[in-house]
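Hey, can you work out the whole structure from these sequences and the hints?
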Amino acid sequence: MNTLWLLIVPIIGFLGSVLLAGSAKKYPAVMKSWALIVSLALIPLSVVAGPSIGAVITGPVVFGSSLLLGFTELSWYFVLMIVGITVLTIFFSVGALRSLTVFPLYYGWLFLKVMGMIAVVLSRDLLSFFIAWEMMSWATFFLMRQGGEKAHRASMGYLAYAVVAGMILLAGTLFVRNTLGTFSFTELSQRFGGADTGILVVALILMLLPMLIEAAVYPFHSWLPDSYASTETSITAYLASISTRMGIYALTVFLFSILGLQVVDRIGVSSHWNLRMVLLVLAALTAVLPTFTALFQHDAKQLITWHSIGQGGYMLLGLASASALGTAGGLFHIFNYLTYVALIIFSIAAVEYRTGTTNLNKLGGLITKQPVAFLGMLFGIIGLAGIPPMNGFVSKWLIYRSLILGGYPFIALCAFLATIGTILSVYKLIHNTFLGQLREEYEGIREVGFWMQAPIWILMVVVLVTGVFPGLILQWVARIQASLGLEVLAYNLGGVSPGEGNLNMIAVIILFLATFVAAWLLFLTGSRRRIVSQYDNYAGGHFLNKNVPYNFNYNFYSAFDHIFDKQYQRAPVKKIERNLGRFISTMADYTRRIFTGQINTYAAYGLLAVLVVLIVLREVL
Amino acid sequence: MISVPQVLYITSFLLILIGLYGVLTQRNLIRIVIALNVADSGINLLLVTLGYVDGGRVPIFTPGVQGAHMVDPVPQALVLTSIVIGFGVTALMLTLVMRIFAQRGTIDASRLRGLKW
Amino acid sequence: MVSPLLFIIGPLGTAFLMILLNRRLVSLILALAVTLALGILALSWLPLTLQAAQPMVVASIPAPLGIPLSLDALGAGMAIIVALSALLVILYSSTYLRNDHAPVTYYAVVMLLLMASFGLVLTRDLFNLFVFFEILCISSYILVAWEQNSSALEASFKYMVLGSIGSTFMLVAIALAYRAAGSLAMADIAKAFSQANRGEVIVAAVLFLFGMGVEAAIFPVNTWLPDAHSSAPSSISALLSGFVIELSLVVLFRLGGTVFAQIHLLPVLQSIAIAGILVGEFSAFAQHEVKRTLAYSSIAQVGLMLFALSLGSPEGAQAGLLQLLMHAAAKSTLFLVAGYFILRTGSRFMEDYKGLGRRMPLSGLFFGLAALSLIGVPPFFGFFTKWGILQAAVNLGGTIAWIGITSILLGTTLEAIYLFRIFQILYAKGENDQVAEMEWPAVTAVALFVLVVVFGYFLLPVLTPVAGAAANALTNLF
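Residue numbers (the working numbering), protein chains in the order written: chain B, 1 to 621; chain D, 1 to 117; chain V, 1 to 478.
Calculated directly from the structure, the hints in this document are not laboratory data. Cβ coordinates follow ideal geometry from the N, Cα and C atoms, glycine included. Worth double-checking, as some hints may not be accurate.
[As the list claims (entries may be wrong)] Here are the simulated distance ranges between beta carbons:
1) B:A29 to V:I403: 51 to 59 Å
2) B:L4 to V:V58: 51 to 59 Å
3) B:R153 to V:V26: 48 to 56 Å
4) V:F458 to B:F410: 52 to 60 Å
5) B:I576 to V:I403: 21 to 29 Å
6) V:F458 to D:F13: 52 to 60 Å
7) D:L14 to B:L608: 18 to 26 Å
8) B:A29 to V:K429: 46 to 54 Å
9) V:V58 to B:L608: 36 to 44 Å
10) D:V74 to V:Q195: 17 to 25 Å
11) D:V84 to B:L608: 38 to 46 Å
12) V:T95 to B:R153: 29 to 37 Å
13) D:V4 to B:L608: 28 to 36 Å
14) V:T95 to D:R113: 29 to 37 Å
Structural data, given as structure tokens:
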């Protein structure tokens, strides 16, 4: 029963928001309180749901198949992440949304999406999976539209991809049902074992494509940056952290739970050049190319959303390498990424709230004015870059190690390259926002309020604690690995046990802290600092002027622009996308010219039809 | 010898074909209406000829004539209906043509392509 | 039990009564009352018809000399759809056409349209079929030309010419059928054709197909539809797209059961259906006028229904009939809402509707819900009907079925994009002036249609046996 409540409560949240939408303009506090109550109610429900793992609820019968819902270890992991980020986002938005006049149904769509996502992770058969997937995609579309004209336009791009993905998924579901005779995951896992390779390949292509599209794997990624970046910033955080990961969830379930590792390895030309290799290559491309595109972005949200495509690639790298280290790394990375991307985007939102802009060419020096936001972003980018002692280091370490040990040196090289890109791009983010010269117009800025600070503090703590004690999350991951039939990672509280590879974060943090303390003591022994205004300086023969930006802020990485401009910026995927769109429009234009408007032509069509069909039938018979 | 029914069949089919040809090629709306009427006549002729029975009488019971050999009345009833329907539709079409002319000043089908695609 | 003859006598008598009395309000009330009564009548006959078809005796002349009329499950089901759609559309017309030039005549002609529709579901012989069919056509010609502006006249004329060609085809087919069977009753013709010369059967079948196919809007004789449905007043567009073309399709299949079985026409029908779907969706994609988009979408949806019915299996026919119901409700909603958009802004073009959804919130909501169901998004009704069709196609198997499935999926993608393009415009930032929402009769009518569309899943337990029985009527000769 607990599992059903997880679906019912968000629906109640949605319906309540719809009812309250009328009053949202005048009394936004009512709507916000409602959202807070519903989201907090989800927390105990999701925690309590743990023991129901394994239970299967039979739902209504649709077309002769019952819908099956059930909890697995992986479901619980995702449910907790979904609920957690929902609560944090709602908290944050209570502060960030000054008024609900423009977005009265903001929380309604959010709850609908929550329901869709929870329904997806609870599905135990293909039909309910498809229904949940479609509801989730459409709820995401409606949620993404909250953000003005730009969001409207960008969300149409998402819609096109989502509908195509949905239709391919539908074809796949029908195909699987037709050839294997069932929708249920457990029965499918038995029957896929005996299926012949032709059926497997077709089923795989049809089922994997939509998941890859949703996970924004190269080359299906171009919908993500525009649609995520144009929407309201709290929603950007929400979408970037969990929405794309539903694709990774689906891939995990399909590849490991339904197909199983043996079947997956059967598909391919040889033991090395198989399906997993294809996924690894795609994941590597996803990790590298979009991350470098992020370097060229001048808008903070665009930068981080291009980034999030790349990190999805990391997760896929880990999962596709299919070793204990790799899958643990991939699964752990989902959690880590959620925490620090939310942290970074919340900081961007906090800055946007006070300054009104996310344009990196216009910000700077806010470290003294918004220290909490700075700390949040700092923790976030340390985690993102994979630097100890944050949690990102652990998951990335696991992934690198598994790639190297698994015998994929070139893929590992790509992963390293991606990390370089990551570090460079997030440095641009933090440098342009917080470091450097404070502009005059930002002199009066204060830090953001409680509602926006609380999620930042909470996430900072989570990032640090799970970095120092990764075992806390790794125990879950190990259970998930066991339930999926994968090799289980041997872990301990501080990291990974000897024998698999040695990682002890506790030792690392102790070393880190010791060094930090030593440096601090050294700092204290130095002479007293004298704090001066940033303009009390002298450069290039002049005293500094308040109107002139002196630091290297504007068009950061312009050097890269020069190097990569011609080849890289050509954006082949975007071009293909645009050409496809143009092709469809042209097809549509030509097709409609059948209706010429002249009555004689119409009559001719009728007569021709009769003649043609008569001839065809005479031939056939 | 080609019998009367065969001639009538051929004529009716010719009429239908002429009518359809008219709809295909004529630009003047009134000619299209006339062509449809010609096709209607062809159809009616076809139907009546179908009911023809060699040497049959009019299918009306008259006093004094018992169990006579009659032509089939059903197609004739169908034809009556068809004629009436054809009349109604023609009247409606001609009204439309008049209104179109009043509003657009032309009854040339190739100029009346305001609605297309 | 009240005689089903009322289905024919009722609307006919009412039409004449309205003309006689010549009062607008009286006509409106009469129209509402008659449609409601007939809807209840159809509902009352439904349980009986689920068990067996109910033949009717007219004027005490028994078969085989009398007029063969019979009410079976398919007939009762279609009658319910027709009556209730008409009721809601008349309710909507009460305010939408408040300033009309001849309201009494309007209601009278709608009554005639209804009579013809009911007659078509009841008839069991070709003569009646032809008569009722012609009455249906003529009433729709009149109604399409109602506004008497340039585009309406042009559209109606083209419709008339194509309709007349269709009637010609049909009459030739009737002639052939009569020659083979010696009688005009459908049952006799079925028997005769099963033994007749192959060539004759083929010609008759093809002529029937494209004869009734004009009214049923199958490719390639559907060229009249975009013009007609976009130039007619929106209430009439809703009626035409909602049940008139679908009714013709269903009657085509009831008729076709007599002939399609013997010849391998089903693959041809499936191909025609696929062509219809693709042409409809692609053409709709390129449109800028809302009603024209919806009209092309109707072409595609009819293609979808034809595909389902021509799969040849009872489950396919069942899914097709459920899709019919869903389409009637959803397309009516879309047309009725679009009618008010046009009325309030004076423009037919989508670009002029910026922000209209914010200023007319109910209309925007109804539009969105109907669009979602038409596309087939769960949990709306349209998902279940579309899934049913796809599943029936998969079970059939074969190349054409899979081409059909691919076309349907492609069509759905295009549908989603062009319908939600309109939706985005509706909710874009537009002017802020006050625009009046639909009047309450219109809101009620559209809301009831939307209820079917949204909660159709819960109606499925009731609908499925009816659709099943109806499907049997369509496929038991296959």
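* What hints, given by number in increasing order, does this structure fail? -> Hints 8 and 11 not satisfied by this model.
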